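Q: One line per chain: the protein sequences are V and H, in this order.
For the first sequence, the numbering used here begins at 1 and goes up steadily by one.
For the second sequence, the numbering used here begins at 1 and goes up steadily by one.
Some clues are possibly wrong.
Copies of the same chain look alike in the list, so a pair counts if it works inside one copy or between any two.
List time: in silico DSS-like cross-link candidates among lysine-lysine, alpha-carbon distance up to 25 Å [to be verified]:
{"id": "1", "residue 1": "4", "residue 2": "104"}
{"id": "2", "residue 1": "92", "residue 2": "4"}
{"id": "3", "residue 1": "58", "residue 2": "104"}
{"id": "4", "residue 1": "162", "residue 2": "135"}
{"id": "5", "residue 1": "19", "residue 2": "92"}
{"id": "6", "residue 1": "19", "residue 2": "4"}
{"id": "7", "residue 1": "58", "residue 2": "37"}
{"id": "8", "residue 1": "37", "residue 2": "19"}
{"id": "9", "residue 1": "140", "residue 2": "104"}
{"id": "10", "residue 1": "92", "residue 2": "26"}
Calculated from the structure, these hints are not laboratory results.
Since we're looking at a predicted model, the values are computed, not measured.
2 protein chains.
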Amino acid sequence: MIQKYPSALLESAVNEFAKLPGIGRKTALRLVLHSLKRSPEEVTNFGQTIINLRNNVKYCSVCHNICDDEICCICNDPGRDASTVCVVENIKEVMAIENTAQFKGLYHVLGGIISPMEGIGPADLEIESLVGRVKSGIVKEVILALSTTMEGDTTNFYIYRKLSGSDVRISVIARGVSIGDEIEYTDEITLGRSIVNRTAFNDSFRT
Amino acid sequence: MIQKYPSALLESAVNEFAKLPGIGRKTALRLVLHSLKRSPEEVTNFGQTIINLRNNVKYCSVCHNICDDEICCICNDPGRDASTVCVVENIKEVMAIENTAQFKGLYHVLGGIISPMEGIGPADLEIESLVGRVKSGIVKEVILALSTTMEGDTTNFYIYRKLSGSDVRISVIARGVSIGDEIEYTDEITLGRSIVNRTAFNDSFRT
Chain V
1 MIQKYPSALL ESAVNEFAKL PGIGRKTALR LVLHSLKRSP EEVTNFGQTI
51 INLRNNVKYC SVCHNICDDE ICCICNDPGR DASTVCVVEN IKEVMAIENT
101 AQFKGLYHVL GGIISPMEGI GPADLEIESL VGRVKSGIVK EVILALSTTM
151 EGDTTNFYIY RKLSGSDVRI SVIARGVSIG DEIEYTDEIT LGRSIVNRTA
201 FNDSFRT
Chain H
1 MIQKYPSALL ESAVNEFAKL PGIGRKTALR LVLHSLKRSP EEVTNFGQTI
51 INLRNNVKYC SVCHNICDDE ICCICNDPGR DASTVCVVEN IKEVMAIENT
101 AQFKGLYHVL GGIISPMEGI GPADLEIESL VGRVKSGIVK EVILALSTTM
151 EGDTTNFYIY RKLSGSDVRI SVIARGVSIG DEIEYTDEIT LGRSIVNRTA
201 FNDSFRT
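One chain only, chain V, in its complex shape (with noise of 0.2 Å):
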């Protein structure tokens, strides 16, 4: 059913909303009603730092996360060991990985993963920035930390065929039963790979 709207300057403020990612026409046109209730200076706050971050957004020369100077905290961070890098799709595994608290070293975005369907090749992704990297001759150990599909498996692959030749210990991060997830309702592929891969009872309490 096509909506009629009372105002021009609504229906185009829906449309915009309606553009983003999730969010339907209903939605937006909460979030449109939600916006008059606020005040001029909040609508405005909300609307310029969107901008702002779109035209502002500066990405890592080295690693290619997102970060405010040419060369992102973490890249320009002394206490972190150089030699490691992981490699992951987007800066939002950047932060998840980041949170654990568990890794020193230095990150490598790629920007995506390749993926046919979606028309996505390996030179649309940031993979010979990060074999120029490795050629440099700091980094001794490439982790690869991208989604257990199909795609994130070409492109581990690809990567992979890429850095053979060089002289970097390639590892991938350990795929296995989570935390607290029951062994009975663990899919199969999982709970096979987690017996292949096993590790010593005295690593398992490492953290």
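Place chain H on chain V using the hints.
A: Showing chain H alone in chain V's frame:
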């Protein structure tokens, strides 16, 4: 858990999105990352449209509906019956009723309903201006179309008392079994009311 953001710009954009109702920090981050994939023009357009709406929105001086002029397109339409006024909570209800194409009168948007829990009293709503419209003498019938909640009933009753001295018919929208609903599964109060307020069989065919 406190999320660490790699960029202050990113964090403030996430904060702004997370202020919207129904949007948590994870969704906010998703929306921000989506904004980064759009062109700067698109994002500027998004922000400016919302700011523009908030700063330039107008409310009809007669019915308080949102509009682009001093008087809204419904109040201004000579084809509509100015003797019937439908009282609604918000502009969403105006749009819903307009979509039915069953109402040819005018509206009166209260801007909310009386809710002591949320600190909304009669003075916060456009009730006085409704009384003014009725006193002007053009209005012959006021249709109350508020939600069937405690707050809605309170507001209905307050308006009824305010208008009781005037020579105006006060009606309320029909409550009954929804079209398509099965009698077996209808709640008792609705079913009871639908029997008490039964309509003549011939009338039920009017659309």
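Q: Between the shortest in-copy and the shortest cross-copy C-alpha distance, which are at most 25 Å for residue 162 and residue 135: within, between, both, or neither?
A: Answer is within: at 11 Å inside a copy they meet the 25 Å cutoff, but 82 Å across does not.
Q: Is it within a copy, between copies, both, or neither that the alpha carbon of residue 92 lies no farther than 25 Å from that of residue 4?
A: between (38 Å within a copy, 11 Å between copies)
Q: Regarding residue 19 and residue 92, is the shortest C-alpha distance of 25 Å or less found within a copy, between copies, in both, or in neither?
A: Answer is both; intra-copy 21 Å and inter-copy 20 Å each pass.
Q: Measure nothing new, just compare the shortest in-copy and cross-copy C-alpha distances for residue 4 and residue 104 to 25 Å and report within, between, both or neither.
A: between (55 Å within a copy, 15 Å between copies)
Q: Is it within, between, both or neither when you check residue 58 against residue 37 at 25 Å Cα-Cα?
A: Only across copies: residue 58 and residue 37 sit 13 Å apart there, 33 Å inside one copy, limit 25 Å.
Q: How would you label the pair residue 37, residue 19 (within, between, both, or neither) given a Cα cut-off of 25 Å?
A: both (22 Å within a copy, 13 Å between copies)
Q: One pair to classify: residue 140 and residue 104, alpha carbons no more than 25 Å apart. Within, between, both, or neither?
A: within (14 Å within a copy, 76 Å between copies)
Q: At most 25 Å between alpha carbons: which applies to residue 19 and residue 4, within, between, both or neither?
A: within (18 Å within a copy, 28 Å between copies)
Q: Give the relationship of residue 58 and residue 104 under a CA distance limit of 25 Å: within one copy only, between copies only, both, or neither.
A: Within. Shortest intra-copy distance 23 Å satisfies the 25 Å Cα cut-off; inter-copy 55 Å does not.
Q: For residue 92 vs residue 26, is the C-alpha pair at or below 25 Å within one copy, between two copies, both, or neither?
A: Close across copies (10 Å), not inside one copy (28 Å); limit 25 Å.
The structure meets every hint from the earlier list without exception.
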